[in-house]
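Undergrad: Single-letter residue listing:
Protein chains: 2
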Amino acid sequence: MVELTRKQREIERRTLEILRVARPILIAEGFQGLSMDRVASQMEYAKGTIYNHFPNKEEIVLALAVESMELRRNLFAQSASVVGPARIRMMALGAACEFFTQHCTDDFLVEQCIRNQSIWEKSSEQRQNLIRQCEGHCMGIVASIVRDAVFQNELVIPETLTAEELVFGFWAINYGSQILTYSSPSLPAIGINDPFNAIRVHCCTLLNGFAWQPIMMHSEYNEAMKQINETLQPKFWSLKEQQHTVN
Amino acid sequence: MVELTRKQREIERRTLEILRVARPILIAEGFQGLSMDRVASQMEYAKGTIYNHFPNKEEIVLALAVESMELRRNLFAQSASVVGPARIRMMALGAACEFFTQHCTDDFLVEQCIRNQSIWEKSSEQRQNLIRQCEGHCMGIVASIVRDAVFQNELVIPETLTAEELVFGFWAINYGSQILTYSSPSLPAIGINDPFNAIRVHCCTLLNGFAWQPIMMHSEYNEAMKQINETLQPKFWSLKEQQHTVN
DNA sequence: TCAATTATTGACGCCTCGTCAAAAAGTGCA
DNA sequence: TGCACTTTTTGACGAGGCGTCAATAATTGA
Chain A
1 MVELTRKQRE IERRTLEILR VARPILIAEG FQGLSMDRVA SQMEYAKGTI
51 YNHFPNKEEI VLALAVESME LRRNLFAQSA SVVGPARIRM MALGAACEFF
101 TQHCTDDFLV EQCIRNQSIW EKSSEQRQNL IRQCEGHCMG IVASIVRDAV
151 FQNELVIPET LTAEELVFGF WAINYGSQIL TYSSPSLPAI GINDPFNAIR
201 VHCCTLLNGF AWQPIMMHSE YNEAMKQINE TLQPKFWSLK EQQHTVN
Chain B
1 MVELTRKQRE IERRTLEILR VARPILIAEG FQGLSMDRVA SQMEYAKGTI
51 YNHFPNKEEI VLALAVESME LRRNLFAQSA SVVGPARIRM MALGAACEFF
101 TQHCTDDFLV EQCIRNQSIW EKSSEQRQNL IRQCEGHCMG IVASIVRDAV
151 FQNELVIPET LTAEELVFGF WAINYGSQIL TYSSPSLPAI GINDPFNAIR
201 VHCCTLLNGF AWQPIMMHSE YNEAMKQINE TLQPKFWSLK EQQHTVN
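Just so you know, the sequences run in chain order A and B. FYI, the numbering used here numbers position 110 of the first sequence as 110, with every residue one higher than the one before it. FYI, the numbering used here numbers position 14 of the second sequence as 14, with every residue one higher than the one before it.
Take the hints with a grain of salt, since some may be wrong.
Because identical chains share one entry, a pair is satisfied inside a single copy or across any pair of copies.
Simulated pairs of lysine to any residue, SDA-like, Cα-Cα distance not exceeding 20 Å [said to hold, decoys possible]:
#1 Lys-47 x Arg-20
#2 Lys-57 x Pro-24
#3 Lys-226 x Pro-158
#4 Lys-122 x Tyr-182
FYI, nobody ran anything at the bench for these hints, they're computed from the structure. Just so it is clear, the structure is predicted and the values come from calculations on it, not from any experiment.
Given the sequences, and given the hints that come with them, work out the whole structure.
TA: See the structure below:
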């Protein structure tokens with residue numbers, strides 16, 4: 001029994017090893033560039049062994065995405081635990097998004113991959129569920145802040161929206177800007193010099209638009225954001241470190 | 001000379017034929033599923049001939065993206081030509097985005113492909129420039145509405161933003177929501193039942209947040225949107241038809 | 001009509017994925 | 001320890017994709 005467990009741990013260890021080898025390849029050369037032969041040779045195992053751990057290339061990518069999404073979720077959870085009005089916690093989530101994009105770019109890119117239908121389709125339902133769970137968890141964290149704001153009479157949700165649909169707008173603006181920032185060949189060429197600042201301004205404006213109390217001018221918002229970052233960034237970094245140690 | 005021109009036209013015709021064959025494959029089976037052999041056999045030409053028209057698979061995808069982005073640009077131009085206050089024209093652009101996502105889903109998916117770095121890299125600078133031009137043109141259309149609003153004293157741009165950065169927020173929220181809608185496996189499962197309505201509400205809120213006159217309640221916004229759609233949708237459809245006839 | 005140019009073809013080299021029979025390693029019992 | 005049985009690893013293999021290029025076919029122009 002003990003023997004069996006040790007073997008299982010051995011297998012588990014190697015699974016993580018595979019991911020550790022695959023991740024930099026995926027990031028540097030994309031899904032195309034990631035090849036099973038290459039992973040195998042770099043691990044000094046035969047290809048068949050890799051296929052004992054993952055039934056196909058797509059599963060490896062999804063497994064990597066799970067790791068990356070867990071980091072995001074941890075950043076979110078950290079942000080939500082800040083003490084203060086709901087709006088401040090909402091801003092802390094914005095800070096987490098910004099941190100994730102700017103300092104965990106690799107993880108962001110991996111997350112991107114799984115939005116590709118052909119990759120998603122070929123992976124197991126089980127791992128798909130892990131992703132969905134993580135996504136649902138992230139949504140839950142943000143939505144509960146929204147609900148709390150309503151409860152505290154700091155926000156009224158428009159009647160045609162659910163709390164989650166209100167979150168969706170912030171999700172979309174953050175996610176969209178991240179994608180555009182990293183994939184649009186030359187934003188400065190079309191007049192966008194500081195996309196991160198732009199999104200901060202837009203989020204502040206959107207919060208104000210919903211009359212989410214306390215209303216803030218952009219300068220106040222930036223000031224508050226600075227303080228939030230001072231508090232949270234060390235914790236964000238430590239969460240990021242943790243992830244890389246675990247894997 | 002006339003003879004030469006006829007030959008060139010013949011070549012041009014076949015280039016378009018290739019795109020017409022490739023598009024449905026790309027849409028149905030993704031970049032992976034699109035194979036040069038398949039395009040060739042479906043066209044009843046040898047593979048080498050296809051390579052006379054496009055140096056690689058990626059170029060075909062970019063060419064398809066150019067077509068799709070031109071449709072988007074045409075929808076945008078149509079929207080911008082509406083008569084009325086800048087805010088109404090801005091809303092008309094939102095309507096164009098919604099139309100593009102809902103009724104030109106294929107084009108939207110093709111547009112998506114080129115955000116993939118490995119595809120982008122392998123294509124010619126020339127075609128990359130076509131894309132950039134189109135993107136720049138779209139941006140120009142929207143930014144000029146923003147500037148017009150400022151000129152008409154209907155809007156004050158926050159001092160840390162350029163007109164383009166203001167547009168960027170709307171771009172991000174629309175683009176982000178489109179991607180999430182089409183790639184997130186089950187939005188309803190996490191509480192997002194009507195993403196299109198949600199984004200309309202968010203856009204209205206954002207416009208209001210910037211104090212873009214005339215301020216509108218969500219109900220007014222929806223009413224105005226309905227009218228805009230009644231006017232524009234027939235034109236949108238005709239632009240879409242045109243595209244498919246040309247190709 | 002025929003040489004010169006241009007276009008087309010598809011077999012080829014190289015690569016990748018995922019499989020599977022055979023070989024190797026590990027296990028447990030006498 | 002020796003030996004039969006199970007599990008794991010291996011890498012050659014089939015199928016199929018990309019992009020090339022020498023050979024073939026078609027076209028042109030004199």
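Undergrad: Each hint: holds or not?
TA: Going through the hints against the structure:
| no. | hint | verdict |
| --- | --- | --- |
| 1 | Lys-47 x Arg-20 | within (16 Å within a copy, 39 Å between copies) |
| 2 | Lys-57 x Pro-24 | within (15 Å within a copy, 25 Å between copies) |
| 3 | Lys-226 x Pro-158 | between (30 Å within a copy, 19 Å between copies) |
| 4 | Lys-122 x Tyr-182 | between (26 Å within a copy, 17 Å between copies) |
In this structure, every one of the numbered hints holds.
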